[in-house]
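Can you build the whole structure from these sequences, using the hints too?
Protein chains: 2
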Amino acid sequence: MEDVLAPKASVIGFIGLGVMGGSMAKHILDAGYELHIYNRTREKGKDLVEQGAIWEEKVADLARKCNCVITMVGFPRDVEEIYFGSQGLIENTKHGTFLVDMTTSSPSLALRIYEAAERKKLHVLDAPVSGGDKGARDGSLSIMVGGKEDTFKAVLPLFQVMGKNIVYQGRAGSGQHTKMANQIAIASNMIGVCEAISYALKAGLDPEKVLASISQGAAGSWSLSNLAPRMIAGNFDPGFYIKHFIKDMKIALEAADGMGLDTPGLEMALSMYKKLASLGHENDGTQALFRLYSDKE
Amino acid sequence: MEDVLAPKASVIGFIGLGVMGGSMAKHILDAGYELHIYNRTREKGKDLVEQGAIWEEKVADLARKCNCVITMVGFPRDVEEIYFGSQGLIENTKHGTFLVDMTTSSPSLALRIYEAAERKKLHVLDAPVSGGDKGARDGSLSIMVGGKEDTFKAVLPLFQVMGKNIVYQGRAGSGQHTKMANQIAIASNMIGVCEAISYALKAGLDPEKVLASISQGAAGSWSLSNLAPRMIAGNFDPGFYIKHFIKDMKIALEAADGMGLDTPGLEMALSMYKKLASLGHENDGTQALFRLYSDKE
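Chains as they are written, first to last, in this note's numbering: chain A, 27 to 323; chain B, 27 to 323.
Fair warning: there could be bad hints in the mix.
In this list, chains with the same sequence are indistinguishable; a pair is considered to hold if it fits within one copy or across any two.
Each computed DSBU-like pair below joins lysine-lysine, with the alpha-carbon atoms no more than 30 Å apart [claimed, not checked]:
1. 179 with 228
2. 300 with 228
3. 235 with 72
4. 300 with 276
5. 276 with 120
6. 70 with 228
7. 228 with 269
8. 34 with 91
9. 228 with 72
10. 300 with 147
11. 179 with 235
Hints are computed from structural coordinates only; laboratory data are not their basis.
And the structure:
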């Protein structure tokens, strides 16, 4: 099964051309693959078509023409529609097609897709990513993969044009579960970063000097190094949208509950981010959690 | 005032020879300073005396002989006794002496020491550290300093034999406040790390592979890289004691409350660690927070 997805030997479909998906699809095109694309808003595929991608009017049309389809959409309900709708992937792809969902979505949905696809002799992976728009642009995404290991090996060349840290995590759903673990670690840490910076400011310290003291040691984290400076500058522009983080935390909390695991830190973070969203900040970046500490909203 | 604390030109006192203080004092001795030492338990000074340090029976004796005294003890009540007791430093040091408290202690106590010392024409700094026993041994501590800037400059040569990342943070108390910001950032993140690892295990993932996926990206942190592997291995040996972390979090929470700052993440972490202590785990390392997720205690 290896090498089936080398350039020239295969036709790739890409569904979902947002900030992440658009850059990822571009890497596939640049690597020499024949690329068919679909997006709800046609406008977002325009640049790719100019560079040689083939626009498809319907998911079903794209599905029939490709031997590997990647999906990178917004919410689990979008994933569900694309895979299970009557015009969807499972109904319309040829036997032997590879279906790779790179959306951050629910582990239980990943399992349902896998099981439905197995019955149709399709090869399915769940392969969410981290690394943000920058990682997507640079082709340096971290990719966390669940599904059969043979399927993983077959799709690996394609992953390698989009990412750097590509880890096979185990059976179907494991990629999504790993991404959930990632989001859970981030959730509570965001609270700690906000509280540390708020404390420093309240104490009359220079927050830049505080970061110089604490960001390289035991308190150090990606969020402290990368998001705290934005908090201090009052820059709440989205790197990662609050509305998407809320989606991820809801999935994680539901999965944790389903496994009988209490996650009080995750619950606290989710409720704080929901409060932010209710105040109209759902399109801010996740560093805007700092508003709850500084705005006294 | 610079160069007053060069080796040969000065006599240094060191009070508190625990795991951290013992290593720090050794570096001062190795740098060529005349070193007088005191510790509640004499035994802990034995090695240093063999290497040339001079043992003092009382804090007051040490105080009278030195032109710079460093304190590195356990709790704020110990600091208070050493500075304000009738046999203490403020009563017994000569005018012009430098007093440097490197204990992680209360910012308000640091301010009280500073003010009392000013009246006696003593030069005071609060200079807590991070980097743990390893940082103390390697001379690579991070040192966060509050007090007058001239005093900081005078003591800098001495800090440089103990640490690497030495940052002047501002007026008296600023060193302690910076250390509190450090502990606050760690507190919530520990919850996130425990929940991420617990989730991964519950989901049937290989936690080592999960760390390979998530520890280099946006979920990455010192605690995730250094403490999660110990959690996974069930190794709860102390790097940093729970009892000391509880002390620090209590100081931080009191200081935050005093400034009118809500820190729900810090409060949650403190209550979880207090629970661990009540279960008899106060001498475990901070990574033993994982017990609350895994033992179902």
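Results for each hint:
Taking the shortest Cα distances, residue 179 and residue 228 sit within 30 Å of each other only across copies (26 Å), while inside one copy they are farther apart (53 Å). In this assembly of identical chains, the alpha carbons of residue 300 and residue 228 lie at most 30 Å apart whether taken from the same copy (25 Å) or from different copies (26 Å). In this assembly of identical chains, the alpha carbons of residue 235 and residue 72 never lie at most 30 Å apart, being 46 Å within a copy and 38 Å across copies at closest. Both within a single protomer and between protomers do residue 300 and residue 276 lie at most 30 Å apart by alpha-carbon distance, with minima of 10 Å and 29 Å respectively.
Proximity of residue 276 and residue 120 under a CA criterion of 30 Å is satisfied in neither setting, with 34 Å inside one chain copy and 62 Å between copies. Taking CA atoms no more than 30 Å apart as the test, residue 70 paired with residue 228 passes in neither setting, with 44 Å inside one copy and 39 Å between copies. In the homo-oligomer, the alpha carbons of residue 228 and residue 269 lie at most 30 Å apart both inside one protomer (29 Å) and across protomers (26 Å), since each shortest distance falls under that limit. For a Cα distance limit of 30 Å, the shortest separation of residue 34 from residue 91 inside one copy, 14 Å, qualifies, whereas the shortest one across copies, 82 Å, does not.
Proximity of residue 228 to residue 72 under the C-alpha cut-off of 30 Å is found in neither arrangement, the shortest distances being 49 Å within a copy and 44 Å between copies. Proximity of residue 300 and residue 147 under a CA criterion of 30 Å is satisfied in neither setting, with 41 Å inside one chain copy and 54 Å between copies. Within a single copy, residue 179 and residue 235 get their C-alpha atoms only as close as 47 Å, which misses the 30 Å cut-off; across copies the closest is 17 Å, which meets it.
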